[in-house]
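Q: Kindly generate the complete structure, drawing on both the sequences and the hints.
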Amino acid sequence: MNAKKQIVDFVVGRNIPLGENFVQLHLYSPDGLPETKPGQFVQIQIPSSIHGWLRIPISIHDADTGKGELKLLVQKVGEGSRWIASCKEGEKLNLILPLGKGFSWPEISLRHEMEDPRHANDRALLVGGGCGLAPLYYLARCLKADGMPFDILVGARSKDRLVLANELAQLGPTGICTEDGSVGIKGLVTDHPLWKGVAYSHVYTCGPTPMMKAVAVEAKKLGARCEVSLENTMACGLGACLCCVTPSAQGHNVCVCTEGPVFDAEELGW
Amino acid sequence: MNLTTNIGNLELKNPVLTASGTFGYGVEFADFVDLDGLGGFIVKGTTAHAREGNPYPRMAETPLGMLNAVGLQNKGVDYFIEHIIPMIGQRRGRKPDFPARLIVNVSGSTVEEYVEVAQKLAACPEVDAIEVNISCPNVKQGGMAFGTDPKMAAQVTAAVRAVYPRCMIVKLSPNVTDIVSMALAVEEAGADSVSLINTLLGMAVDVDKRKPVLSTITGGLSGPCVKPVALRMVWQVAKKVKVPVIGIGGICSARDALEFLMVGASAIEIGSANFVDPAVTRKVVEGIEAYCLREGIADIREIIGII
Chain E
1 MNAKKQIVDF VVGRNIPLGE NFVQLHLYSP DGLPETKPGQ FVQIQIPSSI HGWLRIPISI
61 HDADTGKGEL KLLVQKVGEG SRWIASCKEG EKLNLILPLG KGFSWPEISL RHEMEDPRHA
121 NDRALLVGGG CGLAPLYYLA RCLKADGMPF DILVGARSKD RLVLANELAQ LGPTGICTED
181 GSVGIKGLVT DHPLWKGVAY SHVYTCGPTP MMKAVAVEAK KLGARCEVSL ENTMACGLGA
241 CLCCVTPSAQ GHNVCVCTEG PVFDAEELGW
Chain U
1 MNLTTNIGNL ELKNPVLTAS GTFGYGVEFA DFVDLDGLGG FIVKGTTAHA REGNPYPRMA
61 ETPLGMLNAV GLQNKGVDYF IEHIIPMIGQ RRGRKPDFPA RLIVNVSGST VEEYVEVAQK
121 LAACPEVDAI EVNISCPNVK QGGMAFGTDP KMAAQVTAAV RAVYPRCMIV KLSPNVTDIV
181 SMALAVEEAG ADSVSLINTL LGMAVDVDKR KPVLSTITGG LSGPCVKPVA LRMVWQVAKK
241 VKVPVIGIGG ICSARDALEF LMVGASAIEI GSANFVDPAV TRKVVEGIEA YCLREGIADI
301 REIIGII
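If you read the protein sequences in the order shown, they are chains E and U.
Following the working numbering, the numbering of the first sequence begins with 1 at its first residue and continues without gaps.
Following the working numbering, the numbering of the second sequence begins with 1 at its first residue and continues without gaps.
By construction, these hints were calculated from the structure, which means they are not laboratory data.
Fair warning: there could be bad hints in the mix.
Said to hold, decoys possible - Computed beta-carbon distance windows for the label pairs:
1) 47(E) to 242(U): 39 to 47 Å
2) 289(U) to 47(E): 25 to 33 Å
3) 220(E) to 4(U): 27 to 35 Å
4) 9(U) to 4(E): 31 to 39 Å
5) 215(U) to 186(E): 30 to 38 Å
6) 223(E) to 166(U): 55 to 63 Å
7) 82(U) to 146(E): 34 to 42 Å
8) 264(E) to 240(U): 50 to 58 Å
Unchecked claim - EDC-like cross-link-like pairs, simulated, lysine to aspartate or glutamate; straight-line CA separation at most 16 Å:
9) 5(E) to 277(U)
10) 4(E) to 187(U)
11) 242(U) to 277(U)
12) 4(E) to 34(U)
No experiment lies behind these values; they were computed from the predicted model shown.
Beta carbons are placed, not taken as given, at the ideal position from N, Cα and C, and that holds for glycine.
A: Take a look at the structure:
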């Protein structure tokens, strides 16, 4: 059962620019915040204007429920996200959270279960690019806290487009792929030698859809459980408007905002 | 202060309803709004059989509004009766003295389909009223076709009237030259009330992809940008029909709601604003109360249709 959804006013604690296209927002709420899970998202209110009116969905980059702290990675895409990215310390943001279903927890997440020989070789791979790395950072932090072993793969077009790579490297072994080879392995994330060397049991991915589809194919070859996090355009975020649907493997339209945004790749009809 | 208002023989505790398709089955909003604090809630368009709706993308944001092309995705009336009515009942919890009315939006592609859905809902005591949707712009057959020809509109209305004994609202399309003639036609055919407006047919283009944003090319426009058009149509219709009118179109605040009441709406529906503020319906009820208190209005009926 997910935590009750709330409308909460947050205060911007810090706004840290990450390259030209991203900012990391550190938010806090004096009233505390509900329990959140990696992969869940928030809906941020923006000032009504001719450029935008609906809330902007952004995935949770990190959260500390006890301290009432929340981090978001904001990519400057349209007018709404640019406004959010321009918020300064002390300014208020109105959020609805927590929304959607997050990444499922590996069955072997607790250290004592790792000693069970059936799970002795289990290892997760987290693969992402761009703002898709935001929820994977939160996931990596939680997996690390639970003692689940994992590797991280970060993809980008070029070195200057890389985001969060250093932060992720502090959580676990992190491989980098760039399309132009300006840093790390030259090529796509699916070209990385890690895929050949390690028999991953779980693969988690968030980023551009073509990347996630390719990752799901590689994961299937390994027999790994693969979870993907979708970013469909949405209006309500509550499962009411049915605008954000994606076809399931059975051909039914399912709501990304409430059935997802994280899906088992096998459940999707993409 | 008395905020009660009547839609035909159905009494509402206040004039605030939710527009079909923007409030799910109500339960999606139960974390934010006490459902029984509303006059009623109108749940999603329900058809005789399950519908998958249109392909993604189904939504485009537009200046102070949005286009949608959902296409009546729903699991069909039998599923609604078997699974969703009990689920709504559970989320409402304790039985209040004056519950919000549960109103079901009835949609179809043929007269027979409207009749089948209405007949099945007539057997459900939990359903206080139906809103017959003859105005959905997002389905290929039926829907808006019934809502743009007064003869066809009257035909659907009369057929549903014959099988549905309780309160029947007919939801009108603004995509017509003369909405008054549509309203008069369905009133004559037995509607207890008319609600208007459904969405305005619109379109958006992605210039980078050089393609329409919506998979269906066109879709229905809603949001604050349609309010002046909606208000004008409600005013025109309320002047001509005898049945109560329900005003819909871009309502985001109590002041917006009051505008509709003053031009003749006996109740209002809040639509896309639910997406921006899931608690907006409660705030509109509170805002109307505060306005009446401040203006010394003892009964909301004092201001209905004063323009």
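Q: All the hints need checking, so say for each whether the structure fits it.
A: Tested hints:
{"no.": "1", "hint": "47(E) to 242(U): 39 to 47 Å", "result": "43 Å, holds"}
{"no.": "2", "hint": "289(U) to 47(E): 25 to 33 Å", "result": "27 Å, holds"}
{"no.": "3", "hint": "220(E) to 4(U): 27 to 35 Å", "result": "60 Å, violated"}
{"no.": "4", "hint": "9(U) to 4(E): 31 to 39 Å", "result": "37 Å, holds"}
{"no.": "5", "hint": "215(U) to 186(E): 30 to 38 Å", "result": "37 Å, holds"}
{"no.": "6", "hint": "223(E) to 166(U): 55 to 63 Å", "result": "57 Å, holds"}
{"no.": "7", "hint": "82(U) to 146(E): 34 to 42 Å", "result": "41 Å, holds"}
{"no.": "8", "hint": "264(E) to 240(U): 50 to 58 Å", "result": "56 Å, holds"}
{"no.": "9", "hint": "5(E) to 277(U)", "result": "13 Å, holds"}
{"no.": "10", "hint": "4(E) to 187(U)", "result": "43 Å, violated"}
{"no.": "11", "hint": "242(U) to 277(U)", "result": "34 Å, violated"}
{"no.": "12", "hint": "4(E) to 34(U)", "result": "14 Å, holds"}
Hint check: violations occur at hints 3, 10, 11; the rest are consistent with the structure.
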